[in-house]
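K.L.:
So the sequences go chain by chain: Y and R.
Using full-length UniProt numbering, read the first sequence as starting at 1 and increasing by one per residue.
Using full-length UniProt numbering, read the second sequence as starting at 1 and increasing by one per residue.
These are calculated hints, taken from the structure and not from any lab test.
It is possible that part of the hints are untrue.
Taking lysine-lysine pairs in the BS3-like style, the calculated list, with each CA pair at most 30 angstroms apart, reads [said to hold, decoys possible]:
no.: 1; chain 1: R; residue 1: K151; chain 2: Y; residue 2: K81
no.: 2; chain 1: Y; residue 1: K122; chain 2: R; residue 2: K151
no.: 3; chain 1: Y; residue 1: K188; chain 2: R; residue 2: K308
no.: 4; chain 1: R; residue 1: K145; chain 2: Y; residue 2: K84
no.: 5; chain 1: Y; residue 1: K446; chain 2: R; residue 2: K214
no.: 6; chain 1: R; residue 1: K145; chain 2: Y; residue 2: K316
no.: 7; chain 1: Y; residue 1: K84; chain 2: R; residue 2: K151
no.: 8; chain 1: Y; residue 1: K394; chain 2: R; residue 2: K214
no.: 9; chain 1: Y; residue 1: K122; chain 2: R; residue 2: K145
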Amino acid sequence: MNRIVTKRFSVNVYELSITRKNFCSNAASRVSSSSSGQSSNEHEVKQNFTDDGHQYDVAIVGGGVVGMALACSLAHLPLTKHLKVAIIDSNPALVKRNCINKEDPPDPRVSTVTPATISFFKDIGAWQYIQQHRHAYFGKMQVWDYTGLGYTRYNARDVNKEVLGCVVENKVLHSSLLSCIENTDFRKTIYPSKLTSMALLPSSSSMGVDSTLSTTALFTKGRLAKLELSDGKSLYAKLVVGADGGKSRVRELAGFKTTGWNYSQNAVICTVEHTEENRCAWQRFLPAGPIALLPIGDRFSNIVWTMNPNVSSDCKTMNEEEFVKTVNHALDYGYGSHPKSSSSGGRDMFSWLRGDVTISADECFEVPPKVIKLASDRMVFPLSLKHANDYVSKHVVLIGDAAHTVHPLAGQGVNLGFEDSHALSRVIAEGVAVGSDIGEVSLLRKYEAERKPANIAMMALLEVFQRAYSVDFGPLNILRAAAFNGAHYISPLKKSIISYASGEQKMPLPLPFFS
Amino acid sequence: MKLGWRMVRKLRIVNARNGTFFNARFFSDSTTQLPLASMTVDPSSNTTKTNNNNNKNSTSSSLKHLELAKFAAIADSWFVIHFYYLFSVISNFSSSSFQLRHVWSLCISSCMVRWDSEGPFKPLHVMNPTRLAFIRSTLCRHFGKDPNCAKPFEGLNIVDVGCGGGILSEPLARMGATVTGVDAVDKNIKIACLHAGSDPETSTIEYCCTTAEKLVEEQRRFDAVIALEVIEHVADPAEFCKSLAALTVEGGANVISTINRSMRAYATAIVAAEYILRWLPKGTHEWSSFLTPEELVLILQRSSIDVKEMAGFVYNPLTGRWSLSDDIGVNFIAFGTKNTH
Numbered sequence: 001m002n003r004i005v006t007k008r009f010s011v012n013v014y015e016l017s018i019t020r021k022n023f024c025s026n027a028a029s030r031v032s033s034s035s036s037g038q039s040s041n042e043h044e045v046k047q048n049f050t051d052d053g054h055q056y057d058v059a060i061v062g063g064g065v066v067g068m069a070l071a072c073s074l075a076h077l078p079l080t081k082h083l084k085v086a087i088i089d090s091n092p093a094l095v096k097r098n099c100i101n102k103e104d105p106p107d108p109r110v111s112t113v114t115p116a117t118i119s120f121f122k123d124i125g126a127w128q129y130i131q132q133h134r135h136a137y138f139g140k141m142q143v144w145d146y147t148g149l150g151y152t153r154y155n156a157r158d159v160n161k162e163v164l165g166c167v168v169e170n171k172v173l174h175s176s177l178l179s180c181i182e183n184t185d186f187r188k189t190i191y192p193s194k195l196t197s198m199a200l201l202p203s204s205s206s207m208g209v210d211s212t213l214s215t216t217a218l219f220t221k222g223r224l225a226k227l228e229l230s231d232g233k234s235l236y237a238k239l240v241v242g243a244d245g246g247k248s249r250v251r252e253l254a255g256f257k258t259t260g261w262n263y264s265q266n267a268v269i270c271t272v273e274h275t276e277e278n279r280c281a282w283q284r285f286l287p288a289g290p291i292a293l294l295p296i297g298d299r300f301s302n303i304v305w306t307m308n309p310n311v312s313s314d315c316k317t318m319n320e321e322e323f324v325k326t327v328n329h330a331l332d333y334g335y336g337s338h339p340k341s342s343s344s345g346g347r348d349m350f351s352w353l354r355g356d357v358t359i360s361a362d363e364c365f366e367v368p369p370k371v372i373k374l375a376s377d378r379m380v381f382p383l384s385l386k387h388a389n390d391y392v393s394k395h396v397v398l399i400g401d402a403a404h405t406v407h408p409l410a411g412q413g414v415n416l417g418f419e420d421s422h423a424l425s426r427v428i429a430e431g432v433a434v435g436s437d438i439g440e441v442s443l444l445r446k447y448e449a450e451r452k453p454a455n456i457a458m459m460a461l462l463e464v465f466q467r468a469y470s471v472d473f474g475p476l477n478i479l480r481a482a483a484f485n486g487a488h489y490i491s492p493l494k495k496s497i498i499s500y501a502s503g504e505q506k507m508p509l510p511l512p513f514f515s
Numbered sequence: 001m002k003l004g005w006r007m008v009r010k011l012r013i014v015n016a017r018n019g020t021f022f023n024a025r026f027f028s029d030s031t032t033q034l035p036l037a038s039m040t041v042d043p044s045s046n047t048t049k050t051n052n053n054n055n056k057n058s059t060s061s062s063l064k065h066l067e068l069a070k071f072a073a074i075a076d077s078w079f080v081i082h083f084y085y086l087f088s089v090i091s092n093f094s095s096s097s098f099q100l101r102h103v104w105s106l107c108i109s110s111c112m113v114r115w116d117s118e119g120p121f122k123p124l125h126v127m128n129p130t131r132l133a134f135i136r137s138t139l140c141r142h143f144g145k146d147p148n149c150a151k152p153f154e155g156l157n158i159v160d161v162g163c164g165g166g167i168l169s170e171p172l173a174r175m176g177a178t179v180t181g182v183d184a185v186d187k188n189i190k191i192a193c194l195h196a197g198s199d200p201e202t203s204t205i206e207y208c209c210t211t212a213e214k215l216v217e218e219q220r221r222f223d224a225v226i227a228l229e230v231i232e233h234v235a236d237p238a239e240f241c242k243s244l245a246a247l248t249v250e251g252g253a254n255v256i257s258t259i260n261r262s263m264r265a266y267a268t269a270i271v272a273a274e275y276i277l278r279w280l281p282k283g284t285h286e287w288s289s290f291l292t293p294e295e296l297v298l299i300l301q302r303s304s305i306d307v308k309e310m311a312g313f314v315y316n317p318l319t320g321r322w323s324l325s326d327d328i329g330v331n332f333i334a335f336g337t338k339n340t341h
């Protein structure tokens with residue numbers, strides 16, 4: 001409601017009109033500069049309404065994987081497939097498809113998708129395209145730390161599942177979603193451009209009100225948002241979806257506040273090659289941050305290594321041979337010894353809590369496969385945490401990284417984004433079912449109520465992990481070791497962790513209140 | 001009138017204290033609206049608006065004039081506040097040739113801002129999706145429409161009796177129906193027209209300031225007749241149901257919702273909703289004019305409408321949402337069909 005205050009009134013003798021509600025400050029000054037300019041502006045608006053070409057139901061800003069997943073989901077649901085959707089992204093891959101060959105070197109940027117995301121992709125019909133390309137399911141996972149005091153192994157069969165997740169290159173995810181949407185009968189338009197400004201507009205009134213009210217027909221009723229693009233085009237939409245990542249322009253223009261901080265950590269990402277195929281996901285917590293080795297199919301694996309910024313620049317510049325040596329060092333004996341797989345001791349300790357034994361509790365500690373070669377460039381990203389205080393306002397909604405940026409240590413970021421897409425498309429379908437205006441805040445609040453607690457819970461948990469492993473302090477090391485052993489041997493806990501990490505359980509603890 | 005002046009003085013004080021022109025809190029402050037409502041309802045205050053409404057609707061039989069005045073007053077409470085506010089601001093500009101009608105249109109346009117937000121009918125907005133879910137499922141089943149389609153009501157001619165600002169008419173229109181919205185309060189119709197006109201999907205709605213009885217006189221017929229939260233405000237529910245039946249084509253559908261005359265309804269719909277939570281202006285409902293489900297079924301039967309389905313609405317304070325249930329102890333909705341003998 002505070003925004004009403006920002007609404008500017010320009011009053012002159014002959015014409016009284018409310019200028020549009022502007023989110024973009026420079027646009028606002030332009031609009032309110034002169035009343036003659038104002039009237040020509042309104043004229044332009046009316047013209048655009050007469051040709052319906054630039055009016056959409058949903059405008060998705062950001063055609064990344066999360067935005068495309070939303071488009072696919074809307075295209076798939078029977079109640080939303082009639083919607084007219086615009087996708088705004090300057091990424092040329094959206095317009096000019098480059099085919100992916102099996103022989104191409106793997107994309108260093110990969111995503112670990114959870115079983116929940118896999119079933120979402122199957123529902124919207126995108127998984128079949130992923131299966132045509134390189135992807136790697138993994139059914140086992142090992143997590144340990146440098147102190148050598150404890151380790152945890154997870155196995156999909158602990159929860160009677162085939163897989164714990166699947167590692168897919170981002171370019172494969174993206175092109176699969178693109179193929180999926182191209183092969184459905186869906187009214188979508190791709191704008192290969194960037195968003196420059198966003199405003200709520202007065203919408204046209206086609207009915208005949210009596211003459212005393214006709215002026216109001218031009219007034220702002222806020223039924224549509226206007227988007228201006230960097231190539232000079234503009235379009236109108238009932239709902240603007242900000243899926244434009246951590247540095248979201250939509251979030252900025254809509255004035256959503258965020259909470260967050262930068263970690264003094266960078267992530268080094270690259271693809272490496274082994275002598276044989278890797279079938280397990282590995283993660284080792286080192287003093288400066290975790291290093292993860294994820295299978296991506298064939299004999300390749302992906303490295304996501306969190307470290308201090310100055311070390312990361314060394315890692316990027318050092319020669320290949322030296323880097324491979326450093327990676328092997330980090331994954332093996334470097335920093336400390338291997339945890340002892342004296343399973344008997346741990347099992348006895350937790351025997352009273354064990355319940356039914358999980359398969360993986362008997363598995364011994366294994367050493368990850370040796371890296372023999374670097375297979376891609378090394379990329380360095382700074383890490384930060386960011387969370388939008390609100391996800392929705394009138395006509396605007398944030399999904400994916402635009403709403404929440406998390407630490408990559410559990411590979412959950414993109415999965416939270418897919419959950420957002422899934423939830424938002426369902427909420428839109430529910431709205432269409434009962435004839436709601438899809439830009440209405442009361443409808444969008446349902447999406448926020450569903451996703452915000454879940455995202456915050458995951459962020460909080462990751463934050464605890466991040467902090468717990470960034471301290472090297474005797475008693476804390478022992479506590480961590482106890483946590484590893486607990487997770488390894490206590491079956492109910494282990495099952496709960498697996499089902500939460502797979503995205504099947506929305507909250508880390510079962511909360512009957514919210515389910 | 002005295003009360004009215006006191007109100008204006010009060011407004012001025014609030015105005016001076018807050019300073020800002022469009023103060024959000026002022027808009028949603030229900031306590032400032034309530035005295036206004038009572039002002040217009042008060043028979044001694046004899047405002048012209050109340051008189052107009054009384055004259056206009058003197059022919060209708062089943063309407064209660066006091067009820068009409070009450071709803072007109074709720075609509076007014078927005079207008080008067082906006083009117084006063086805008087006028088005070090506009091008088092700051094040198095406006096020799098300024099026309100009063102602009103003020104009036106500004107008033108209406110600021111009411112539009114309130115249409116779907118935290119207005120006096122907020123609980124209706126929150127309940128709306130639930131009511132629509134019931135209407136959607138029953139009408140789709142009755143008329144053999146595909147519930148998985150975005151516009152299942154295409155080809156259906158529906159009348160929304162007591163449409164208010166159009167919160168039910170607009171979704172019905174978006175669901176493909178040809179909608180006629182009628183309300184006895186002139187201002188409601190004005191607000192509804194303006195709001196619906198801003199969206200091409202809903203601008204096809206035909207709004208009339210009239211009553212069900214008059215539509216019967218005009219020999220209008222509809223596939224479905226919907227009157228939600230109206231019957232408890234009419235003087236003669238039996239007569240009103242006869243009119244609804246007369247508006248329905250043979251084999252057509254009727255949907256009626258109201259509040260049960262139960263102790264729980266008194267505690268929740270009146271004490272809690274009007275006095276404690278202040279969702280609704282005080283005096284919106286009168287317990288004695290509520291109908292029990294049995295009574296409703298009976299009077300509908302006498303008007304040759306067979307009630308086929310009934311559901312209750314329950315409110316979950318944790319989620320803040322309404323859902324359909326078997327509990328018809330407080331709010332309930334009935335679906336009936338007009339029998340063909």
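K.L.:
For each hint, tell me whether it holds in the structure or not.
P.N.:
We went through each hint and held it up to the structure:
1. R:K151 x Y:K81: 12 angstroms, holds
2. Y:K122 x R:K151: With Cα atoms ~27 angstroms apart, K122 (chain Y) and K151 (chain R) stay inside 30 angstroms; holds.
3. Y:K188 x R:K308: 42 angstroms, violated
4. R:K145 x Y:K84: Answer holds: K145 (chain R) to K84 (chain Y) is near 23 angstroms, not above 30 angstroms.
5. Y:K446 x R:K214: Roughly 40 angstroms between the alpha carbons, so the hint for K446 (chain Y) and K214 (chain R) is violated.
6. R:K145 x Y:K316: 63 angstroms, violated
7. Y:K84 x R:K151: 15 angstroms, holds
8. Y:K394 x R:K214: Cα-Cα ~39 angstroms, so violated.
9. Y:K122 x R:K145: 29 angstroms, holds
In terms of the numbered hints stated before, the structure departs from hints 3, 5, 6 and 8, listed from lowest to highest.
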